[in-house]
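K.L.:
So the protein lines, in turn, are chains A and B. Using the working numbering, you'd call the opening residue of the first sequence number 1 and step up by one each time. Using the working numbering, you'd call the opening residue of the second sequence number 266 and step up by one each time.
Honestly, the hints are just simulated from the structure, not real lab data. Quick caveat: nothing in here was measured; it's all calculated off a predicted structure. All C-beta atoms, glycine included, are put in the ideal place defined by N, C-alpha and C. Don't take every hint at face value.
Here chain B is said to cover these stretches of chain A; the calculated rule only asks that three of the stretch's residues, wherever they fall, bring their Cβ under 8 Å from a Cβ of chain B [stated by the list, open to error]: (1) 69-81; (2) 191-205; (3) 244-250.
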Amino acid sequence: MGVDRRQFLKITGLSALAGLGGKTAFELLAPGKVEAALPLMEGKRWAMVIDMRGMTEEIMKKCREACHRVHNVPEFDDPKVEIKWIWEEDFTHAFPDQEQGNEYVADKDEHRNFLLLCNHCSNPPCCRVCPTGATWQREDGIVMMDWHRCIGCRFCMAGCPFGSRSFNWGDPRLAPKELNPDFPTNLEFPTRTKGVVEKCTFCDERLAKGQLPACVETANKIKNDTLIFGDLADPESNVRQALRKHFTIRRKAELGTGPNVYYII
Amino acid sequence: MLDRAIKGGPKYWGWLIFLLVMMTIGFGCYLYQFKVGLRVTGMSRDVSWGLYISQLTYLVGIAASGVMVVLPFYLHDYKAFGRLTILGEFMAIVAVLMCGLFVMVDLGQVTRVLNIIMYPHPKSILFWDMIVLNVYMLLNLLIGWNVLAAERKGIHYQTWVKVLIYISIPWAFSIHTVTAFLYSGLPGRHFWLTAIMAPRFLASAFCSGPALLLLICLIVRKVSKFDPGEKQIRTLGGIIAYAFVLNIFFFLMEIFTSFYSQIPGHMNTFEYLFVGLDGYGKLVPWMWAFVVASVVALILLIVPATRRKEDTLLVACIAVIVATWIDKGLGLIIGGFIPNPFEKVFEYWPTTPEILITLGIYATGFFVLTVLFKMAVSIKEEVGA
Numbered sequence: 001m002g003v004d005r006r007q008f009l010k011i012t013g014l015s016a017l018a019g020l021g022g023k024t025a026f027e028l029l030a031p032g033k034v035e036a037a038l039p040l041m042e043g044k045r046w047a048m049v050i051d052m053r054g055m056t057e058e059i060m061k062k063c064r065e066a067c068h069r070v071h072n073v074p075e076f077d078d079p080k081v082e083i084k085w086i087w088e089e090d091f092t093h094a095f096p097d098q099e100q101g102n103e104y105v106a107d108k109d110e111h112r113n114f115l116l117l118c119n120h121c122s123n124p125p126c127c128r129v130c131p132t133g134a135t136w137q138r139e140d141g142i143v144m145m146d147w148h149r150c151i152g153c154r155f156c157m158a159g160c161p162f163g164s165r166s167f168n169w170g171d172p173r174l175a176p177k178e179l180n181p182d183f184p185t186n187l188e189f190p191t192r193t194k195g196v197v198e199k200c201t202f203c204d205e206r207l208a209k210g211q212l213p214a215c216v217e218t219a220n221k222i223k224n225d226t227l228i229f230g231d232l233a234d235p236e237s238n239v240r241q242a243l244r245k246h247f248t249i250r251r252k253a254e255l256g257t258g259p260n261v262y263y264i265i
Numbered sequence: 266m267l268d269r270a271i272k273g274g275p276k277y278w279g280w281l282i283f284l285l286v287m288m289t290i291g292f293g294c295y296l297y298q299f300k301v302g303l304r305v306t307g308m309s310r311d312v313s314w315g316l317y318i319s320q321l322t323y324l325v326g327i328a329a330s331g332v333m334v335v336l337p338f339y340l341h342d343y344k345a346f347g348r349l350t351i352l353g354e355f356m357a358i359v360a361v362l363m364c365g366l367f368v369m370v371d372l373g374q375v376t377r378v379l380n381i382i383m384y385p386h387p388k389s390i391l392f393w394d395m396i397v398l399n400v401y402m403l404l405n406l407l408i409g410w411n412v413l414a415a416e417r418k419g420i421h422y423q424t425w426v427k428v429l430i431y432i433s434i435p436w437a438f439s440i441h442t443v444t445a446f447l448y449s450g451l452p453g454r455h456f457w458l459t460a461i462m463a464p465r466f467l468a469s470a471f472c473s474g475p476a477l478l479l480l481i482c483l484i485v486r487k488v489s490k491f492d493p494g495e496k497q498i499r500t501l502g503g504i505i506a507y508a509f510v511l512n513i514f515f516f517l518m519e520i521f522t523s524f525y526s527q528i529p530g531h532m533n534t535f536e537y538l539f540v541g542l543d544g545y546g547k548l549v550p551w552m553w554a555f556v557v558a559s560v561v562a563l564i565l566l567i568v569p570a571t572r573r574k575e576d577t578l579l580v581a582c583i584a585v586i587v588a589t590w591i592d593k594g595l596g597l598i599i600g601g602f603i604p605n606p607f608e609k610v611f612e613y614w615p616t617t618p619e620i621l622i623t624l625g626i627y628a629t630g631f632f633v634l635t636v637l638f639k640m641a642v643s644i645k646e647e648v649g650a
């Protein structure tokens, strides 16, 4: 937000007249700028590069557990009602188009699992079809969810070609106790209500605090640079460098939704 | 005018009480669903729309078909349909009413439904569907009521009603076109991603709706002095025949494109529906019932002798309703989700509460339809039309 000295004095002056404190005026001028020193507030097009060369089953499992713990995603062990923000899927099903195009796939890839999550598409069909704007694209590219505005029509689930969205078919707090002994697992994060759609948000709440997404942090603790998170709009960013160096694939790129999760094979 | 609806014999009241019982059962099941959530239905993460949205799709067609009696009368001055237009309009009102109820019961957070209006998003086809359906219901309510009231008083209806009638004709086409756009504009759902979806929707609407109307007319003739007329029935038969042939023609075009191109994504759902996929095939018997009903309907409708004979036309109408219902009220929406985005098959089948809620909404529709038709027919009997 560009504000010159004159405007600054005008607004702070008016705020003082209106009885607002100095901090409020500052917030009015530049909301969130307090944390601006942290690079994770500055992204214009967040993206993730997943390096499958160093990926292991253990890392994927840890990522899933960390994500689902941080975001209070309950475990159901039932494909009918399950909720998934990040999960494992084998090559054939993660890339059905590639599987049909390449009859013979390298042994190392054919039966291994890939880590899947919301692609935070550049041209997201889910946001286009949402009748209330409960799911929308932020200026930094993140496809967000407002769980208080969602009416549960599930049009976004029909619109998403990646199966990245889950619906709360029942109250998540009533998920089986034996599978979720300490649910809700994170009291800092809201649990959803029944009847709304949810999905990965690239950990917007952590980015706001200058932290990397939970999955990225977890994976990199085990093996550095397995998950690379950064800004595609910046040509010198870590993700752009990784994409320059390696051949990558994206899920169903031919549909034109512009997925922002890349896989180094 | 509504007073006519409370004068009826024991059969009339028995029918209404039966419907009330069905409505109560459905409402009870809905309260259960409201409390527990949509997990009481058969829908899943993979098949996220089921029987409810399928019925919405089918009933938008029934609503749109009212235009098939309105259009010949007002645009072609086909006088014979004069006595049927009101029935077509009332059927449209009831169909849209049921559509609205099916959307409501399908929502996860029904108490927030007004968010569609408070935070309108014109990019969403659902927003436009809400608008076209509600306006269409309002149009038919205003037209039907005023035309009937004028008829009762023995006067000609006002000029502004005529304007609304002219608006309602293209509007009927719009409701089913927009409903088709709900599905045909989604990337990654190969079964729905087809430009012929809207024309096919209209074709199936213009046979299923008149078939239902004809069926109801024959029932009305049995229980009242109102006669839809031999000429009218014959014309309706012709309309149903043309629309049903078109519907099947469009369907076969889909089959050709999918199977001659041999693109797996385009063939998979058809395979699931008609022969089963990866060993799953819950809808296979239904889809073959659709084929049998379609063949029966085609023969009876195309052969002039059977189309003009009332008993065989009646059978044809039932076959048309069965075929179009299986096609649109079952296969089309559920099939669109199978296989899922991972090319896996996860099947769907409605649960008992889901079926009872569905029947409850149909009972509500038939309740309102009975009351409206009773009113219309009583007035027509009085004025001797």
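K.L.:
Give a verdict on every hint.
P.N.:
Here is how each hint holds up against the structure:
no., hint, result
1, 69-81, "holds (count 3)"
2, 191-205, "holds (count 5)"
3, 244-250, "violated (count 0)"
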